[in-house]
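Chemist: Chains P and F, in that order, are what the protein sequence lines are.
Mapping the first sequence onto the working numbering, position 18 (from 1) lands on 18, and the numbers just tick up by one.
Mapping the second sequence onto the working numbering, position 13 (from 1) lands on 13, and the numbers just tick up by one.
Hints are not guaranteed to be accurate.
One copy or two, either will do: identical chains are not told apart, so a pair holds if it fits within one copy or between any two.
Mimicking EDC-like on lysine to aspartate or glutamate, the simulated pairs with C-alpha atoms at most 20 Å apart in a straight line are [unchecked claim]: (1) Lys38 to Glu62; (2) Lys34 to Glu54; (3) Lys34 to Glu56; (4) Lys85 to Glu56; (5) Lys43 to Asp18; (6) Lys43 to Glu75; (7) Lys38 to Asp66.
Calculated from the structure, these hints are not laboratory results.
2 protein chains.
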Amino acid sequence: MPNFQARVLVNLRPSVLDPAGEAARSAANRLGVKGISKLRIGKAIELVIEAPNEQEARKKVELLSDRLLANPVIEDWNFEIQSIK
Amino acid sequence: MPNFQARVLVNLRPSVLDPAGEAARSAANRLGVKGISKLRIGKAIELVIEAPNEQEARKKVELLSDRLLANPVIEDWNFEIQSIK
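Please model the entire structure based on the sequences and the hints provided.
Modeler: Dropping the structure here:
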């Protein structure tokens, strides 16, 4: 069966506070890097999955993203997928 | 000064174990999503930074990535950057 490589990006919804991101922004300032107006920390999940075709692979990754990788109450997700030669 | 949007991806080096990723892979299996041969969890940092030009923006993001966002002992990083109109 063909293999597909996917990258799922999970980010906090814009309305949700990101204390870790704010801490990193302050630390950047102390490091001498000025001018950062936004910094938010999300997750990037790299996975390889077997499926008969791209449509099935997308379905699997959507289920995973919505049920396992992200918390849809506070997080948004999106993904890119491509077949591996 | 122009603003640039960057996405920094921070991933564990291939030689470093990823217990959280392994746990997610097992959970996916229990959820009924079969055929995942790899699953690794990294960080995706979205930031907006002010700089006189793209070269300076890249320098700043490189410094941030190497010194603050990633731990180069166990993590690799790369980033994409684009100017915001």
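Chemist: All the hints need checking, so say for each whether the structure fits it.
Modeler: Going down the list of hints, with the structure as the test:
1. Lys38 to Glu62: between (28 Å within a copy, 16 Å between copies)
2. Lys34 to Glu54: between (43 Å within a copy, 15 Å between copies)
3. Lys34 to Glu56: This pair counts as between: shortest inter-copy Cα distance 12 Å, intra-copy 45 Å.
4. Lys85 to Glu56: within (17 Å within a copy, 37 Å between copies)
5. Lys43 to Asp18: both (13 Å within a copy, 14 Å between copies)
6. Lys43 to Glu75: both (10 Å within a copy, 14 Å between copies)
7. Lys38 to Asp66: This pair counts as between: shortest inter-copy Cα distance 18 Å, intra-copy 26 Å.
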